[in-house]
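Student: Residue-level listing of the chains:
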Amino acid sequence: MATAANKSTAPAQHDVDLLIEEYGYDDHFHEHHEGDKYQSNFFTTYIFSQDHKMIARQFLITGMFWAVIGGLMSLVFRLQLGFPEESLAWLKPVLGKWITINADTGLGTLAPEFYYALVTMHGTIIVFFVLTAGLSGTFSNLLIPLQVGARDMASPFLNMLSYWFFFMAGLVMFFSLFLSTGPFAGGWTAYPPLSALPQASSGSAGGMTLWLISLTFFVVSVLLGGVNYITTVLNLRTKGMNMWRLPLTIWAFFVTAVLGLLSFPVLVSGFFLLIFDRTLGTSFFLNEIFVGGQALDHVGGSPILYQHLFWFLGHPEVYIIILPAMGIVSEVLSVHSRKPIFGYKAMVFSILAIGFLSFIVWAHHMFMSGVNPFISNFFVVFTLIIAVPSAVKVFNWITTIYGGNIRFTSAALFGVGFVSMFISGGLTGIFLGNSAIDIQMHDTYFVVAHFHIVMGVAAFFGMFAGVYHWFPKMFGRFMNETMGKVHFWGTMIGAYAIFWPMHYLGMAGVPRRYYRFDNFDTFSHFSAMNQFITVAAILVFAMQIIFIVNFFRSIWFGKKMTSRNPYGANTLEWTTPIDVPHGNWPGKIPAVQRWAYDYGKGGEENVSQIVPLAEGEHDQGH
Amino acid sequence: MNTVATTNETVFTGRNKIHPHKFALYVACASIVMLFTAFTSAYIVRQASGNWLEFRLPDLFFVNTGVILLSSLTLQTSYWSFKRDKKEAYRGLLTLSFLLGLTFLVLQYKAWQSMAEIGVMLDGNPSGSFIYLISGVHAAHVLGGIAALFVALTHAFILPVKATPRRTLRFELVLIYWHFVGFLWLYLLGFFVVSAG
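Chains A and B supply the protein sequences, listed in that same order.
Using the numbering used here, you'd call the opening residue of the first sequence number 1 and step up by one each time.
Using the numbering used here, you'd call the opening residue of the second sequence number 1 and step up by one each time.
The set of hints was computed from the structure by calculation and includes no laboratory data.
Any given hint might turn out to be false.
Restraint ranges, calculated between C-beta atoms of paired labels, are given here [unchecked claim]:
#: 1; chain 1: A; residue 1: T45; chain 2: B; residue 2: A196; range: 54 to 60 Å
#: 2; chain 1: A; residue 1: K92; chain 2: B; residue 2: A196; range: 57 to 63 Å
#: 3; chain 1: B; residue 1: V194; chain 2: A; residue 2: A436; range: 35 to 41 Å
DSSO-like cross-link-like pairs, simulated, lysine-lysine; straight-line CA separation at most 27 Å [stated by the list, open to error]:
#: 4; chain 1: A; residue 1: K588; chain 2: B; residue 2: K22
#: 5; chain 1: A; residue 1: K560; chain 2: A; residue 2: K473
#: 6; chain 1: A; residue 1: K588; chain 2: B; residue 2: K17
#: 7; chain 1: A; residue 1: K239; chain 2: B; residue 2: K22
#: 8; chain 1: B; residue 1: K162; chain 2: B; residue 2: K86
#: 9; chain 1: A; residue 1: K239; chain 2: B; residue 2: K17
#: 10; chain 1: B; residue 1: K22; chain 2: B; residue 2: K83
Every residue, glycine too, gets a C-beta built ideally from N, C-alpha and C.
Take these sequences, add in the hints, and give me the full structure.
Tutor: See the structure below:
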């Protein structure tokens, strides 16, 4: 034990190999992988890769592609909202027939039906393709095997399929943007009857069909990924890695995967009913409908039923988006403030509590849909209870950085920014969770501001924190810190500039999803505010160009990683070689001896998870 | 740890007692359960709002329950025979299970026909639409099981009969899934019977 005690007091970098060799776990992995047939040519390395690290990068870059598309769409409809009188003729080369040019004045206007399509696609793309696949897909893939100490996912093959189903979902959705009738335009929630009747609006025919096909592929991707994440976390942890020694990132990804696995099938059931209504003439969601003065055959369906099925996914979905960001931020804040995470177990239990509660609050999206007010009470109570675990987490993040030796790297800044956004957006959630206040607020810009801050901007911030922090792990180089800081401050100030004013619009009753407001006397005095929001949105988008340039430039020209643990972090991913091989560790798998947050313990700045406990030393995790 | 190289991928079995693939299958089953829970919940919600046509479930549904339970039994016995290297029983019972699976699908189709004969159409009252939809999606899951049984069948007749760990695992995966779709049908039929009052 004397050597172990020695090591725990002097865990120098070069000791890592010795520690792995001495205590690690020999699985004879490399005897079975002579020549590494999985990465033998261009296709198996970069395209149909089964390596979790490559799949993570595929998810990230595909997610970034979609973020640009979704972001550009928002700029187009923001231009329409901020400057409804200005000519959009210059967009004609891109948007084609969706811009109509007045022959006399030369004024180009955006087609109203395409405005709806843009809003719908913006929501669908950002919620599913960017913040679900791009966030949880990227970081679950990258970090689960690396941080639990596994060679790869439980099934690398299914993992590869998961990416390619996501890719196909994207392909189908991308194709739908070019239909002559346009993509689906009935809102990202796809409520019937607009989604159930092909003749309901221009996007309801081909656009909706492709939307359904795309999202079905997407659900398959989520399920294949989720099965893998859960199995890997529960079955493939290395020696000594019990559940109470898991980094909070892994806890978050794990609960996220469980939520996805239990809620996405419910959405699929809704899709099945919708597809039957659309194509086979059933009446699950349709009831006594007239289209163009013509009565349809449908009788006895309930459109509210779709809303129940949709929001039973829809609400867990917002936690599927935010939990991975929370996990990433917990890890990043702890590492960069050189302090253990405050209240590790409280953090785990609050993740579990949020996960559980997310399943019994869905009807708070439906207070104004004719749900019985007495039933609403139930949902109000549980919605407000979510504030408790959320507040526990916020408290713990703040106490983690309080008194810490904070390194204000781009990753840490985005971590702090996340906490700020989560507080601002969370507080307005308390307003909206009350069914009485919701009578006034529902479907206004107050709702738009709330969810954009709390699950849009906050989740993006978590994602940025993760990208800046783990970029060296993904590409062996660092991103540029100056550009990162400009990106952070621009985005932080800009995002508040976009969404803060929207609260006022919402309180004044300005409804969301409207094409223009200048012809309503009630709202006409908001035109300057709408212009301000639009300008801020353009600036924030410009900031993201800085990020994208920084990202791709750094892949090839960034500062090289010279030590394997540049941040002095404790988790296992920093015990791998700088150029991480297939199978993650060249020899044995490291054994875990302690929890992931021994920072500033016993005079040491940090003590890696692979360093054995000294005699009489207590493991804080368990 | 044993890493087992299969044809398509590498399996990392880890240090755990349960094989990760088997565990992954359980997780996938939980996901399928959620799909059908959602269907039956939608059924209850829709039924509660009235305008609900009541009709007698086709008798074939009950006959078919026997068929799928019997196939579970034959497959389980085939598995035991496989483990004890009883080649004939293994192959014979596996074939029988496969045929019973196909029979189940054919009889479900007949049951839908008999529903249509008494005027319960797919695009009629939602009470009938739900039965078609739910039993149809269940049949699709059975079809997946039959595909797996077909693969097992080709293995049984092409490969030498030997209970290696890898083949035992594969058989167990098919077996678990097949029992699962059987129990799923029991649940669904029970649900139909109870909810019809």
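Student: That 35 to 41 Å hint for V194 (chain B) and A436 (chain A) (C-beta), does it hold up?
Tutor: Check passed, 38 Å falls within 35 to 41 Å.
Student: Please work out if K588 (chain A) and K22 (chain B) have their alpha carbons no farther apart than 27 Å.
Tutor: holds (25 Å)
Student: Is the Cα-Cα distance between K239 (chain A) and K22 (chain B) 27 Å or less?
Tutor: holds (21 Å)
Student: Taking the Cβ atom of K92 (chain A) and the Cβ atom of A196 (chain B), is their distance within the range 57 to 63 Å?
Tutor: holds (60 Å)
Student: Taking only the CA atoms, is the gap from K560 (chain A) to K473 (chain A) under or equal to 27 Å?
Tutor: holds (11 Å)
Student: For the range 54 to 60 Å, tell me whether the beta carbons of T45 (chain A) and A196 (chain B) fit it or not.
Tutor: holds (57 Å)
Student: Are the Cα positions of K22 (chain B) and K83 (chain B) separated by 27 Å at most?
Tutor: Satisfied, since the Cα-Cα distance of roughly 18 Å is no more than 27 Å.
Student: Below or equal to 27 Å on CA atoms is what counts here, so check K588 (chain A) against K17 (chain B).
Tutor: Holds: K588 (chain A) and K17 (chain B) sit about 20 Å apart, inside 27 Å.
Student: Do the alpha carbons of K239 (chain A) and K17 (chain B) lie within 27 Å of each other, as the hint requires?
Tutor: holds (13 Å)
Student: Assess, step by step, whether the Cα of K162 (chain B) is no farther than 27 Å from the Cα of K86 (chain B), and give holds or violated.
Tutor: holds (10 Å)
Every hint from the earlier list agrees with this structure, and none is contradicted.
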